[in-house]
Structure formats: structure tokens, C-alpha cells
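**Student:** Take these sequences, add in the hints, and give me the full structure.
For the sequence shown, this note's numbering begins at 13 and goes up steadily by one.
Hints are computed from structural coordinates only; laboratory data are not their basis.
Predicted model, so just to flag it, every value in this text is computed and none were measured.
Errors might be hidden in some of the hints.
[Claimed, not checked] Straight line, CA to CA, 27 Å or less: simulated DSS-like cross-link-like pairs of lysine-lysine:
#, residue 1, residue 2
1, K116, K186
2, K116, K307
3, K101, K307
[Said to hold, decoys possible] If you anchor each label on the Cβ, the simulated ranges turn out as follows:
#, residue 1, residue 2, range
4, F216, E308, 32 to 38 Å
5, W154, V62, 25 to 31 Å
6, T119, N309, 39 to 45 Å
7, I118, S181, 26 to 32 Å
Where a beta carbon is used, it is the ideal one built from N, C-alpha and C, also for glycine.
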Amino acid sequence: ICIHFRDSLFVCFTAWPLSHLFLLPSSSPHLSSIDPSMASLIESGWQYLVTHFSDFQLACIGSFLLHESVFFLSGFPFIYLERAGFLSKYKIQTKNNTPAAQGKCITRLLLYHFCVNLPLMMASYPVFRAMGMRSSFPLPSWKEVSAQILFYFIIEDFVFYWGHRILHSKWLYKNVHSVHHEYATPFGLTSEYAHPAEILFLGFATIVGPALTGPHLITLWLWMVLRVLETVEAHCGYHFPWSLSNFLPLYGGSDFHDYHHRLLYTKSGNYSSTFVYMDWIFGTDKGYRRLKTLKENGDMKQT
13 ICIHFRDSLF
23 VCFTAWPLSH
33 LFLLPSSSPH
43 LSSIDPSMAS
53 LIESGWQYLV
63 THFSDFQLAC
73 IGSFLLHESV
83 FFLSGFPFIY
93 LERAGFLSKY
103 KIQTKNNTPA
113 AQGKCITRLL
123 LYHFCVNLPL
133 MMASYPVFRA
143 MGMRSSFPLP
153 SWKEVSAQIL
163 FYFIIEDFVF
173 YWGHRILHSK
183 WLYKNVHSVH
193 HEYATPFGLT
203 SEYAHPAEIL
213 FLGFATIVGP
223 ALTGPHLITL
233 WLWMVLRVLE
243 TVEAHCGYHF
253 PWSLSNFLPL
263 YGGSDFHDYH
273 HRLLYTKSGN
283 YSSTFVYMDW
293 IFGTDKGYRR
303 LKTLKENGDM
313 KQT
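**Tutor:** Below, the structure is given as C-alpha cells:
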């Protein structure tokens, strides 16, 4: 890793701008409707990566660097907002975390990421290769990427719901899941603050979709970016006018998940990761919806 540190940084900073282009079709006939300069940029960037790095380096070290970049760059701003008091009218809870509590979270995260997440990525590489993951040309079409990403979100939410609900059983909550709930007032980075056993347990929900489909690495990277951004937003502690949950009826978001952190484990509900329909189907969101109705009625009376 040290020998290729400079090139590894290139993976990180090349992958970040490429992440918003992953939905674009691949080369050859797929790129015929795209601006030639843009198509050339995408192909050149990916050609550099596959030429200078092995599949193992891209899938493990590259994925790790991309994850760390997206996670911390999207999570740190919420620490700043909380400390500075900016946009406080959009903060869901009035309570703030202390700098010491935030520092503890960051320290533990770095430990977990390097000692759990990175080894897990390396250990799972042969499995993904055996199930069809590739990094070579041609790149997948936007239709293939879109269909796979949608499938990943749906199956991840389903598996996560049941896994998360199991973690709220008495013994597992006390010995495992209570670590994540140390922060009753969550902020973005607390999304991945958890017991190592939980990281492995619920991490299965994130990788089961890609493991079933054997995607192109570029699809896997896009899935990782979107999943990280979603979970950071769900734990950010702020509900903005531009939050996705205001526009997507089935999307949970920060307000939905913040309720889960505020209550005792036996009464929390709202176990889903991304959507709200699993909690609605199985009746584990009744407390949240009742509170939301009371709040809306109270706001209407005030006006």
C-alpha cells in the first residue's frame, strides 16, 4: 500500500468525480448519444485505473478510499453545523453532542474502519469475483446500472429491517446494538458507529444485492456512494426543506430515523434503513406516525 500510496490517492480522487457519472452508458455504441468529450473523459479515467491497478487493488483499496472520502466529507459538515449553531431551526433535537463525544465517535470509527471494514473488503473479494464482479471494459449501460441500484436499495432495506429488528431484542440490544444507540442525538458520522459484530451482521444487508448480481465495479462504487450518503443523511440530525423525504413519499430520511434514536429500545420502531413501507406493513411505525400527527395538529392550531 505504501509503495502505491500516490496512485492510491489517484483512485480516491478519480473515483469521486466519476461517481456522479456512473449512470452514464458504457463505451462503443452505448456512448453514441453522449458528448464525445464526456465519453472520452469517462473512458480515459477508467482506462487509467484498470491499467495501473489490479482488480484486487481497485475492489479493496480503491473501494475503501472511496468510502472513507465520501463518508467523512459528507459527515463532517454536520459536526460543524452543530458546534457553530448554524441552521439550528432545522435541527430535529435541541440537545447537542459535546466535542468530546464527537471526538470519541471519530476515533472509534477510524479504528473500526481500518480493523474491521478494510479486512472485510479484502476477505470478501474472492466471493464477489466468483459471483461475477468485474472491472474491465465495456462499462455497463445506464439501464443495467439503474436496475441493479434499485434492486440493491430494495433488498438492502428488506434485509436491514429484519436484522435491525432482531438487534432490538433484549440480549442483542444490551450486548451489541446499544453501542450504536450511545448517541441518542445522532449526527452524520454516528451512522457507522456500531459494535464490530453489528458491522458484520448488518453489513450483510449492504452486500447481499451485489453478491447476487455480480456487478461491474463501477456499479458497486456508485451503490456504495449512494448508500453512504443515504445513511449519513438519515443520522444527520437535521430536517431541511430540501430533504428528500419532503419529495419522496416512501423515503424515510433523518426525521424518520431520528425518532428511532430518541426512544428506548423496546418502543422505538422505525427499523428500516431507507424506505418506510416495511415499518408501515408490520406496524412498527405507529408511535412515530402518532407523534407526527400530534405535531402537525399542534402546528395547525398555532396558525
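**Student:** All the hints need checking, so say for each whether the structure fits it.
**Tutor:** These are the hints, each one checked on the structure:
At roughly 20 Å between alpha-carbon atoms, K116 and K186 fall within 27 Å of each other, so this suggested pair holds. Pair hint K116 plus K307 does not hold up; C-alpha atoms about 34 Å apart against a cutoff of 27 Å. Of the supplied pair hints, the one linking K101 and K307 holds, its CA atoms being roughly 16 Å apart against a limit of 27 Å. Taking the beta carbon of each, F216 and E308 are about 37 Å apart, inside 32 to 38 Å as hinted.
Separation of W154 from V62 is about 20 Å and departs from the stated range, judged on CB atoms against 25 to 31 Å. Taking 39 to 45 Å as the suggested C-beta distance range, the pair T119 and N309 conforms, at roughly 43 Å. Between I118 and S181, the C-beta spacing of about 30 Å keeps the proposed range 26 to 32 Å intact.
Checked against the numbered hints above, the structure breaks hints 2, 5 and satisfies the rest.
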